[in-house]
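Kindly produce the complete structure, drawing on both the sequences and the hints.
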Amino acid sequence: MSNYLLAWIVLIPFVSSVILGISYLYSIKVKKISNKFFTFLALLAPMSSFVLGVGFFFGLKNGVSEYLYEPYTWLGVDNYIINMGFLGDKLSIFMVLFITFIGSMIHIYAAGYMKEDEGYGKFFAYFNLFVASMLLLVLANSPLIMFIGWEGVGLCSYLLIGFYFSEPLNVVAGNKAFIANRVGDFGFLVGILFLFVYVGKLGFSYGALEEYVGIVPNHILVIIGVSLFIGAMGKSAQIPLYVWLPDAMAGPTPVSALIHAATMVTAGVYMVARFHFIYDLIPSVGVFIAYIGAFSALYAAIIAMRQTDIKKILAYSTISQLGYMFIAVGLGAYSSGLFHVFTHAFFKALLFMGAGAIIIALHHEQNIFKMGGLRKRLPLIYIVMLVANLAISGIPPFAGFFSKDEILLKAYEHQEYLIYGIGLFTAALTSYYMFRFFFVTFEGKNYISKNLEPISASMKIPLVILAIGATFSGFVGLPEVFGGTNMIHQWLSNWSVDSTHVENFKEIVLMGISVAAGLIGIAVAYVKFFKYDFNQDIKESGIIYNKFYIDELIDFLIIRRVRQISVFVSVVVDDGIIDKTVMLLSSGFINLGRRVGRMQSANTRAYAFFMLIGLSSFSLYLIFKLG
Amino acid sequence: MEVSFMSYILLAIILFSMGIIGVISRKNIFIVYMSLELMLNSINLMLVTLSKHFGNMDGQIMAMMVIAIAAAEAAIFLSLIVALYKLKHSINIDDYNTLKQKGTL
Amino acid sequence: MHIGLLTFIIFLPLVMAFILMVLPISMKLTRNIAFLTTIVVFLLSLSIFLRFRLTDYMQFREFHPWISTYGIYYSLGVDGFSMIILMLITTLIPVGYLFLWKTRKSKGYWASMLLMQTGVTGALLSLDLILFYFFWESMLLPVFMIIGIYGSGNRIFSTLKITIYTIMGSLFMLVSILYLGVQFYNEFGVWSFQLSDLVQITIMSPTQQTLLFFGFIIAFAIKIPLFPFHTWLMQTYSNSPTGGVFILSSIMAKLGIYGIVRFVLPLFPHQYVEFAPYFMWLGVFGLIYFGVAALMQQNIKRMFAYSSASHLSLITAGIFSLNIYGMTGAAFLIAAHAMATGGLFLLVGTIEHDLGIRSISGLGGIAKKAPLLTVAFALMILSIVGLPGTNGFVSEFLIVLGLFKYNNFIGIVSATTVLVAASFMFWMFQRAILVKTDNNISKMKDLDKKEIIGIFGLAVVIIAMGLYPHWFLYKIEPTLQHYLVDILKVGVSS
Amino acid sequence: MKYDDIIYLLPLLSIGVGAVVLMLLSPIKSFSINRLSWVTLFFLVFAFGATALNFGHVYSATPFKDIFSSMLITDTFSGYFSSIIITGGIVTVLVGSHYFEKANMLRGEVFSLLLFSVFGMMLLVQTTELLTAFIALEIASISLYSLMGFQKNNVKRVEGAFRYLVLGSIAGIMLLLGTTLMYAGTQSTNILEIAKYISAHPHANTTLVITGGTLILITFLFKIAAFPFQNWSMDAYEGAPLPITAFMASTFKVAIFGFILRFVLVDFHELKSIWNDMLFYIAILTMIYGSLLAVFQTSLKRMLSASSIVHTGYLLIAFVSISNIGESAATSIIFYLIAYFLSSMGAFGMLSYIASDDHLRVTYEDFKGFAHIRPYMAAMMSIFMLSLAGIPSTIGFIGKFYIFVGAIQAGYTVLAIIGIFATFISVYYYFKLIALMYFYPSSEMTNVPPLKGMTPLFIGIMALLIIWGGIGNTLISYFPGIDFLIDTARFAYQSLFM
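Chains as they are written, first to last, in our numbering: chain A, 1 to 627; chain B, 1 to 105; chain C, 1 to 494; chain D, 1 to 498.
FYI, nobody ran anything at the bench for these hints, they're computed from the structure. Glycine included, C-beta positions come from ideal geometry on N, C-alpha and C. It is possible that some hints are incorrect.
[Unchecked claim] Partial list, computed: chain B residues near chain A (C-beta under 8 Å):
| # | residue |
| --- | --- |
| 1 | Val23 |
| 2 | Asn97 |
| 3 | Thr104 |
What follows is the structure in structure tokens.
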């Protein structure tokens, strides 16, 4: 594979999105264009990128260390040169592969999901723009270029969340997402700038940074690490910047599947892995990250237990799963984290798409307690959702088991027993709330009489494919215990630190414990909800249900205050003080003039007297002058 | 008896001051006018004295010219006074305040 | 005696304006000819851009005696810094015309626009301080006319306010200029107001220099405007017609910055370096202050007024950051912000043209009626909030980097620029454009062909400058390096 | 050489003769107003031509030495000022004939009186002898008094004239007293001889001369309406009919300056620093007082009168700096005078032309939307306003430029700054008019005079001159530019010392 094709991986979706956008505007302004055209363009892009990605994959497999393509100097001031560059190493190609794969799946799914929507073309324009930005994010070879993609995905999520912009709520959610991301980006930018100031002049590609990062003083390095992680918090919805993700469910379901499950939210994890050469030098920050991850996982899981909106449940589960990934990368087990990213992409996309199918089938009903008994009526969905649930609950042999268990193992190996405990507990919670949702939806008694919307084939196919993926993708990282060779670790050998490895027996015990945790959760859910009938409806209140009132708190503490300050500044300070002063000066002068005007009294004698005063002052002056 | 040069000058100065004070203090326009004439004539006196002092006729000639000018001024002055009286029916100089500045505080 | 290209660029609009005013022709014809004139000027300046050599000294010099008794010369020239602004002006004005096309104004409007162009370009290109002052003042009159005649609201008051306010500033500058000239005379025995001569004055005490420095700064600070001198801005922007506010925001304000770099920097390098920190802080303060103030504005133009004030403060911080990054970023942000703000004001102008003047709460749901306008609007906003991939990001990044270079803390504070603009711009976008309300916007029309050409041409440039900034930057760098190394004597690569 | 002497005296003579002729012609009924105005114009133009004969080179001569015993001197300086004064006369006649016709107060005498005052002023700038100066001043003033009070039935006119007369004659008496003291001190009233005397004696023994000079200076300050002596001007200017106001405000001021410059430069060039401190404060006070007065006026006429006080202040700045930088300061005064003359003459003239038909348009408010009815007149008016405000591209700016540069050069930066401040204030009251003319929809206005005839043409020419004086440049095909104006002023100055 020749290097310049790297650029095309990004360019193809970008170009297609531009074409889509223009032709969409054309179709609404001038004459209608059929959806087939849009579908063709839209699906072409991620698939062809995927093909290219595969090509590079094999290239790397056959021993090419890395691909690098730098078409032009993006910005060159003084001795700070930044090239527009694309780096295809094992990590980025790994990301490219699953982004484009999952992306294509979701494209196919969306083609069915959105087919009635009049914004069809626009949707895919945004979608491909998103894919392009995401690919740029992972393929960039310097933080600044990465930042272009970084903000690009933020923008796309804004656009897609606010896709139905006529309703205020969606747009507000979009704004919330964008601003929260911006807060993160602020941190990210600060981090980049610090790096730039300290090592920028020696080159600003990852390679150069990795080479010279040593010259950065340690305390600065800590600042950099933390600020970069703040960026990750924003993108990957960790405490405290997670607030946007649940609201982001306002967007169409494929959006949630693509952005808020499979790809964008994992950007933070990728970023930390990408900057591993920094975090390796500052393990303390790593531990901090791990703790943030752990608490996010726990916190989100707790909230998810009481949610009734199907997509909200999934959203919180996403946050929780991302927490796991950050535990891993925080502890330096980047490959494990990325492994979880990989598996999670499958089952979470699957979950969302299944949920989407249910929502479509039930005429946009999202409250799980208004569903029930869907097992018989949507068998396919039932099966795939079962797979997905088992996967996320970490039941072997499904994908989630291997990755999650490996993360817990790493936590244990690092003697971070608290994190391990939290992880374990969260695992139990996870399986509980997932199966709560599962049982209620599929086994629940409140039979919905109204006939169901049929689900098109283009939605079913990707479901099946992903279900298979969710089942078997875990075996890619089969632990040595089971005689497997952990391919992920081999592939990402630069990003996998081999810490003190526990002996096999202990490892198996730990596995057993985590599986048990999962099973306990399922059992509880089974007891509570399997035979659940709904004479009394679920109580929708309580601190957990209201997400610990965090949104209200933010609104009260920050947003309102800022608005008050704004009014104060513009009304009191500007108009009240500054402008008033200016005006007073002028009017004061005019009034002074009016007073002085009295002297023009048209009284001849007064004038004469005035002259006399002048005369005498002159003579006095002369007397002094001449002595 | 011989009156000294300075005393003429002093007289002239006194007359001049009277003139000025008259212009400022008196309300009757005729008296104002007379005070002006008084000032002029005090200067004439001064000039004549000077010409006597220097022993040439320049001062006298100047005085002549001044008187001529004064006559011209007198003409215009009186005509204006007449016009003003017709309009204002007053010879109090303070009554002529049509042109007072408006809009003052 | 040869008359150079710059003279044509400056005076062609003036001549055309007089011809058009005198000839008894219709408004439409006047408009079309005026538009052609701007196109011609654009082509002329484009030829300059292409023939511009990559050096730091003045090019395309023109030099003729004007008032030889006092050594005042008609001397023009362009260097990297003024060239990018020249390109900016000559590119933006035709775009503006495309948008003002449908406004049913009288001939005088178009004539004033041409006059204004003459004033602006003249001020931009003149290297003699008196000549500069000459254009600097005379570019005010057309704006005075445009706002006063075609403005809205309490236009007369705000017109007088801006005029007197800015003239006050420029009179301070005049005193300083005259004082410099006299000092030069005292030292060298000949009169001259040439910039290149006045920089050689050595006999002035630091106190004098500081006073003169502020004499200049006040004039430019009012024009920009910097923090305490900004109150004219809001009223003027909200009352002035599209053309006027377009010119004011995207061109004249930038000339304030330009003036600082062109004149204050070489004339008072010591003071420039000495006071740079204060101005950096002032700029960053203004960035946040105006940004916060913009948040709750009800009138879109007023909000944009605050927003551009906020950005201009950032630019000011950039040019005072005493390193190449900040200055390059400032130069780049001048262009970027001019395009974005100009575009926004033009778009708002079309909305006003269709719906009349409304507050933000009176709009809404425009996106459905006018998707093209919405897309253009969004693009401009993205450039304003400095989204990577637009020119806004590159420039803001460079400025913040420059401030970082100076001091980490101020750098961090200034990095909030990524938050400030976004916080109110998107909110406004949501309320005014996207969300459907029950306001009657039936009269709203989408962009017509001319406007599409204009605004999307602008958009393409914005994106191009975002994706390949280097191509636009490398021509100005030598000049700025020259300012820093040769004039300010501050180390660059450190 | 008699022939040259006649040439030199020709302007003065022609004006004098013209005045007498017109006085004789005016009673004749068959001579219509129009014809009289043409005759007047003829004499004025003739005089102008006669003055123009000697343009372009520096000369200085005392014609008929034996007759006038060098009381009269004609040099470039006097030529310069005489041409300005004559131009003022021409504009006044042009504007006035139109104005008086409407105001039905036009008699032949008006022209005669006008010529007499022009004669007086020309004599004033040509004399080198103090008593002659006094007589010339009185000739000019008295004919002005009578012009002002010509409408006997209009109280404003008569009252204005009266007040001006009373105060003016006091001033005249000051001049006379000063002359007397000088005579007492030096036994002569001829400037040149007094100058000789001063340079011959130390300061201590010249107390009388200095006192006399001070008194003369006070007269001058009175006539140009400088601070403690300014009160009359508002009333006189408002009282007088507009053309006469224009004539007084611009032309008379020029003449006075012509005289006092000669007096100070030639006679007191060694002593003039004595008054500097006093004049310094007077200049400041004059500018500030004028600004304060002008800023709140509602009547345009009063505003212009007040602003003329401010312009006096500017001139005084240069007058102060004379003692440190003689030539350039004097030149700047001479230049500024013509700048101010053009601007204010144009403004007043235009005002009177507009206001002549119905005396409705006197305040700012009355000019709302004027531009939409008479665009070209509004444009001219704006040009005059801009020039008065000293906005670049008008001659007013160049004039201010010289004055302020001179002040700074002479070390009076404070004066320059205060002058700038006054300029800044003036922008307000000048631009207000422009704003009102342009920014309001056209209100219906009763019979605004059309834009045709000699008068607007001439005013238009003045407007063009103002622009040309502001940007005039040898670039434009070597057409004489600003440099030309400055050089003329400098020649005028140099001719004083020949």
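Outcome of the hint check:
At its closest, the beta carbon of Val23/B sits 5 Å from a beta carbon of chain A; the interface hint therefore holds under the 8 Å criterion. At about 4 Å, the closest approach between the beta carbon of Asn97/B and any beta carbon in chain A falls short of 8 Å, and the interface hint on this residue holds. Hint on Thr104/B holds. Least Cβ distance to chain A is approximately 4 Å, under the 8 Å limit.
The structure shown violates none of the earlier numbered hints.
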